[in-house]
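K.L.:
Taken in order, these protein sequences are the chains called A and B. Each residue of the first sequence is one higher than the one before, counting from 1 in the working numbering. Each residue of the second sequence is one higher than the one before, counting from 1 in the working numbering.
Fair warning: there could be bad hints in the mix.
[What the hints assert, rightly or not] Only part of the chain B face toward chain A is listed, based on derived beta-carbon distances under 7 angstroms:
1. L92
2. D134
3. K149
4. T150
[What the hints assert, rightly or not] As a list, the in silico EDC-like pairs of lysine to aspartate or glutamate whose alpha-carbon atoms are at most 20 angstroms apart:
5. A:K42 - B:D141
6. A:K91 - A:E114
7. A:K191 - A:D109
8. A:K103 - A:D187
9. A:K134 - A:D109
10. A:K175 - A:E150
11. A:K59 - A:E32
12. B:K149 - A:E32
13. A:K91 - A:E150
14. A:K134 - A:E101
15. B:K149 - A:E34
16. A:K181 - A:D137
17. A:K103 - A:E150
18. A:K134 - A:D187
19. A:K91 - A:E101
20. A:K134 - B:D131
21. B:K149 - A:D109
22. A:K42 - A:E32
23. A:K191 - A:E101
24. A:K103 - A:E93
25. A:K53 - A:D137
26. A:K53 - B:E100
27. A:K103 - B:D131
28. A:K191 - A:E34
29. A:K59 - A:D173
30. A:K42 - B:E100
31. A:K191 - A:E150
32. A:K175 - A:D137
33. A:K191 - A:E78
34. B:K149 - A:E114
35. A:K42 - B:E122
36. A:K103 - B:E126
Derived from the structure by calculation, the hints contain no laboratory data. Ideal Cβ placement from N, Cα and C applies to all residues, glycine included.
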Amino acid sequence: MVRVSVTQVAGTAQVAYTNPTWTANIFRMTAEPEGVAAALEKALGRSEEFGSKSGIAAKSLRSYHYMLLMPYFDDQIELGSFASHADAVAKLEAGLAASAEAKLIYRVDVPGTEQSLFGVAILSGAGADETVMKITDTGARRHTAHLPHEVLVAGGRALMLHGKFRIAQSFPDLKMGTFMKISGAPDGIAKVLGGC
Amino acid sequence: MLVGTRGGLCVFTSPPGDGRKPHIGISSFRGTRDWSTPVAGKVDSSARFGPASPRDNRREVRYGRTWIGSLRRLPAPVSSLPIDGGSRRGVLRPYVLATENPGVVADVVAQTRASLAQAGFEIVGEYPLSDAADVIVITSDALRAAAAKTPDGGFGPWCACP
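All chains should be modelled from the sequences, with the hints used to inform the complete structure.
P.N.:
So this is what it looks like as structure tokens:
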């Protein structure tokens with residue numbers, strides 16, 4: 001899954017997308033999606049990578065954490081546990097449909113597995129997308145493709161990446177002072193997703 | 001399994017075959033667990049910590065949110081070698097800027113949608129944040145296949161969940 005963003009910045013429209021090689025490493029995939037980077041470049045173009053001034057080595061990404069005390073990729077939060085994958089998917093879909101704080105953007109099922117990935121917009125609370133982006137996404141190159149957040153239903157479990165990890169991997173150059181301004185966001189996101 | 005001690009630090013590994021990464025714990029830290037199989041003449045750690053079960057992972061998750069947890073990681077296992085994707089200078093960044101041209105978001109979104117569809121990508125969702133920002137979420141057979149190749153690859157593999 002790749003997120004492609006279009007953002008108006010000072011009279012120009014920036015088209016950007018999540019770097020599939022970054023994603024493959026930060027989510028500890030065993031293989032990079034074959035031909036996807038080349039296909040994206042052919043379809044949309046490729047001007048430059050951005051989002052981290054000095055960049056991060058692939059090897060370091062596989063054990064990435066923003067700093068001490070911050071979570072890793074595998075410090076995930078279990079939002080709920082259900083009798084089966086089908087039960088978990090049905091409950092989550094119903095919860096999202098009824099929620100005024102979250103909105104379902106997409107669902108992708110991973111073939112041959114009991115895994116479904118849901119993309120969810122956070123509409124209110126301390127972790128609201130609009131609130132977080134206003135504070136964090138202020139650079140010349142916009143990180144709009146950070147959104148939406150994900151919930152993974154794996155078997156009967158509904159999981160989310162820790163909010164601190166999810167935000168940090170999208171904004172690795174974020175200063176601690178800025179992070180403190182959104183200190184309520186990770187819990188806010190978990191609260192909204194957990195309520196679905 | 002306890003594999004060594006130095007200056008108060010003990011290096012533990014997970015039990016063979018359970019798919020967990022090696023990790024570091026401090027011997028005096030309450031809750032660090034000797035993963036070794038109980039042997040005659042040796043105290044069965046399960047007597048102290050309860051029977052080994054998936055619940056034991058919870059203790060590890062808590063460590064992940066402490067500074068001790070930040071020390072517990074050793075390099076990723078061989079099964080998850082880094083993917084450099086032919087990156088220049090060996091470093092990666094989270095986003096790729098495709099183009100930056102004058103235009104209105106709505107028009108550029110329509111063009112982008114068409115280009116993605118023509119390239120064979122499946123648009124699975126769209127998130128219009130505002131009049132000035134829009135996110136199109138895409139997938140493809142190659143992306144699904146890559147997720148399926150990795151155990152629990154919806155995000156990627158994990159070794160400890162609460």
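K.L.:
Next, verify each hint and record whether it holds.
P.N.:
Evaluated hints:
no.	hint	result
1	L92	holds, 5 angstroms
2	D134	holds, 5 angstroms
3	K149	holds, 5 angstroms
4	T150	holds, 5 angstroms
5	A:K42 - B:D141	holds, 17 angstroms
6	A:K91 - A:E114	holds, 15 angstroms
7	A:K191 - A:D109	violated, 24 angstroms
8	A:K103 - A:D187	holds, 18 angstroms
9	A:K134 - A:D109	violated, 32 angstroms
10	A:K175 - A:E150	violated, 24 angstroms
11	A:K59 - A:E32	holds, 14 angstroms
12	B:K149 - A:E32	holds, 10 angstroms
13	A:K91 - A:E150	holds, 16 angstroms
14	A:K134 - A:E101	holds, 18 angstroms
15	B:K149 - A:E34	holds, 12 angstroms
16	A:K181 - A:D137	holds, 13 angstroms
17	A:K103 - A:E150	holds, 11 angstroms
18	A:K134 - A:D187	holds, 18 angstroms
19	A:K91 - A:E101	holds, 16 angstroms
20	A:K134 - B:D131	holds, 15 angstroms
21	B:K149 - A:D109	holds, 14 angstroms
22	A:K42 - A:E32	holds, 18 angstroms
23	A:K191 - A:E101	holds, 10 angstroms
24	A:K103 - A:E93	holds, 10 angstroms
25	A:K53 - A:D137	holds, 14 angstroms
26	A:K53 - B:E100	holds, 19 angstroms
27	A:K103 - B:D131	holds, 18 angstroms
28	A:K191 - A:E34	violated, 36 angstroms
29	A:K59 - A:D173	holds, 18 angstroms
30	A:K42 - B:E100	holds, 16 angstroms
31	A:K191 - A:E150	holds, 14 angstroms
32	A:K175 - A:D137	holds, 12 angstroms
33	A:K191 - A:E78	holds, 12 angstroms
34	B:K149 - A:E114	holds, 13 angstroms
35	A:K42 - B:E122	holds, 16 angstroms
36	A:K103 - B:E126	holds, 11 angstroms
In this structure, the hints that do not hold are numbers 7, 9, 10 and 28, in rising order.
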